[in-house]
Amino acid sequence: MSELSEVDKTKRLFMALGSIIIVAGIGGALAYPLFQFAVGNALKKGGGEDEKNWIDLGPISDFEEGKPTAKKITIEVRDGWVKSSSDETVWVMKQGNEFLTFTATCPHLGCKVNWVPERNEYFCPCHNSAFDITGERKPGSASARSLDTLEYRVVDGKLQIVFQKFKNLLPTKEVFS
Amino acid sequence: MASPAIPQSNGTLGKIYDWIDERAGISEILHELLDEPIPGGTRYAYAFGSALLFIFALQSITGVFLAMYYVPSAEDAHKSVEYIMKEVPFGAFMRGMHHYGSSAMVIMVVLHILQIVIWGAYKQKRELLWLVGAGLLQLVLAFSLSGYLLPWDMKAYYGTVVTVGIASEVPLIGDTIKRIIIGGTEMGTITISRFFMVHVFLLPALMAGGIAAHLYLFRKAKPAGPFNMTEQEAMFRVEPFWPGQVFKDAVFSLVVFIILAYLSWTIPAPLEPKADPSQTQYVARPEWYFLFLFQLLKYFPGSTAIIGSLVIPGVVMAIITFLPFLDRSPERHPLKRPFVMLGTMGLLVAMAVLHVLAKRDDAQNFAEQLRAQEEEGIRFLKEPFEPKDISRKAVVAAAPAPEAFVKNCAVCHGEQGEGGPAGPKLIGIAKKPGRSKEEIAGLIENPAAYGASKMPPMPQVSAADRVAIADWIHTLK
Chain A
1 MSELSEVDKT KRLFMALGSI IIVAGIGGAL AYPLFQFAVG NALKKGGGED EKNWIDLGPI
61 SDFEEGKPTA KKITIEVRDG WVKSSSDETV WVMKQGNEFL TFTATCPHLG CKVNWVPERN
121 EYFCPCHNSA FDITGERKPG SASARSLDTL EYRVVDGKLQ IVFQKFKNLL PTKEVFS
Chain B
1001 MASPAIPQSN GTLGKIYDWI DERAGISEIL HELLDEPIPG GTRYAYAFGS ALLFIFALQS
1061 ITGVFLAMYY VPSAEDAHKS VEYIMKEVPF GAFMRGMHHY GSSAMVIMVV LHILQIVIWG
1121 AYKQKRELLW LVGAGLLQLV LAFSLSGYLL PWDMKAYYGT VVTVGIASEV PLIGDTIKRI
1181 IIGGTEMGTI TISRFFMVHV FLLPALMAGG IAAHLYLFRK AKPAGPFNMT EQEAMFRVEP
1241 FWPGQVFKDA VFSLVVFIIL AYLSWTIPAP LEPKADPSQT QYVARPEWYF LFLFQLLKYF
1301 PGSTAIIGSL VIPGVVMAII TFLPFLDRSP ERHPLKRPFV MLGTMGLLVA MAVLHVLAKR
1361 DDAQNFAEQL RAQEEEGIRF LKEPFEPKDI SRKAVVAAAP APEAFVKNCA VCHGEQGEGG
1421 PAGPKLIGIA KKPGRSKEEI AGLIENPAAY GASKMPPMPQ VSAADRVAIA DWIHTLK
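From first to last, the protein sequence lines stand for chains A and B. Reading the first sequence from the start, the letters are residues 1 to 177 in the working numbering. Reading the second sequence from the start, the letters are residues 1001 to 1477 in the working numbering.
Treat the hints with caution; some may be incorrect.
[To be verified] Partner residues aside, some chain A positions facing chain B, computed with beta carbon under 7 Å:
1. Ile-22
2. Pro-33
3. Phe-37
4. Trp-81
5. Lys-83
6. Ser-84
[To be verified] Derived pair list, reagent style BS3-like, types lysine-lysine, alpha-carbon separation capped at 30 Å:
7. Lys-1382/B / Lys-83/A
8. Lys-1274/B / Lys-167/A
9. Lys-1079/B / Lys-45/A
10. Lys-72/A / Lys-158/A
11. Lys-1086/B / Lys-44/A
12. Lys-1274/B / Lys-83/A
13. Lys-44/A / Lys-1274/B
[Said to hold, decoys possible] FRET-style restraints, in silico, Cβ to Cβ:
14. Val-1283/B / Glu-76/A: 26 to 32 Å
15. Ile-1107/B / Val-162/A: 15 to 21 Å
16. Ile-1259/B / Gly-110/A: 44 to 50 Å
What the hints contain is simulated information worked out from the structure, not anything from laboratory work. Cβ atoms here follow ideal geometry from the backbone N, Cα and C, with glycine treated the same way.
Build out the structure end to end from the sequences listed, making use of the hints.
Below you can see the structure in the form of structure tokens.
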């Protein structure tokens, strides 16, 4: 390639910058829709359910005084284009006229806690979090807080709860969904 | 390496560049890529190949993102595409880009081939380059055919039924081929899964390899240059690829991008209701760029069908593929190659005529049904999105339709009240005003009195049956 004249140099610079601007422009124009598309409905708030969704756990006579009982519940979940059912476990213990109702989800990182009668504790096998019979966090647990309680009521002799999910790791209980 | 493509820069940036360059050899690659001399100078006429590469990149990007939501199964494919169109932010735009991009790809391939043919640029030891290009053309068509089925709507289903039917016309092994393509005797999840695998894994891999070979062979053969200059003249006016040709390619690609984005934004890619194999009124039509082939089929009835579907297209495709071996004279000027130019024009005219005939035939004989289908598709896209309900509650609620409904109503409204081209969907109708159980029972006897004048009155349905049907419709969710 021989020496370029000044005019040629300007022309080449214009075309070089023009090419780069066009490529960057197309990339930019695509990036925003692609990002929004990829995020999808992940950050969308649930339909603003003001009404509490009470789930039946059965007659209160099913629960023995002072003994943690596991109850399977079915919740409705919206999974993209599908409305389906999913099972969850809650722990229930009768204490006189009151009830202790916990979600089985460990507040640490979301594994499921099980009741271990021999040690008289709820135990999460993932990171050795332990909670006493009232759900109180035991010292040395990986979890920063005690088990998460669920709101309950008794209607016509039946125990009902509101199932919720809570944020992981935090020392205080905060609703996730 | 001194290259005019690479700006010389000093200071820290220059040092960083030099550091990387010494290790990665960027300058060398850039020199190889960008300083290619173009005999006779840069032109917009040479932009089609780059535009194809650009559209392929667009198709790859939009395709990968669409795959985030699309599920290849008979159960979910259609619903997931509907979800993309109606619920995902920029979903309709993304699918629009992919949909119109496929048309752009076909148009650009034709323009690219025409330019090469007019320029005589397949000559002088460019046979391999052309052969690989012919293979890429087949891949583009295969992309189009395999992608057409994936939304699993009426159009996709019946379009593919016809395509697969053509494959079964191959003598002796036709039925075997058909069964292998659809994965059995019924089109369903296995079929979609096969088409999906071909469309998103196999073809892109072949395409990437083909493009690499095509580009390599192109660089090896060097650009042919203008047909109306001698080689010496062309070498005298040589220009490097960068930045002149890159700029022209970029401008052309930008125009393509703007058109695609505009179309995607203003006219949503069509999506009809879910594939329904029992639908007898549906008029199946292929994508517009295959319409001429579709028309050709009509002239070969019965046992001669294979002539229109496989023999003629096969022969034409073979001639195109082996063009450099058939046209061996070194002459490149189009006016001095009457045989090839007339043949090309003849082929284009034949395709255009067949296309127009297909359109005219449709306008004369199927106008109403085709319009109804199109309106049905538009109505379907406007309908609010209803998630597919597979929760246990829904399973309990779904009682079988009463016998009287199956006998009298299902023909138009669908077996489960899901609707069809002749009758609207009944699911969710109970929520609308004027559609209480009593009103629905009354409507069945005298539709006009309840604002459903399109529906024929059903006096043959007994009063008890009317109540049963109305009750059942109210359970539909």
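| Which earlier hints turn out false for this structure, listed by number in ascending order? | 8, 14 and 15
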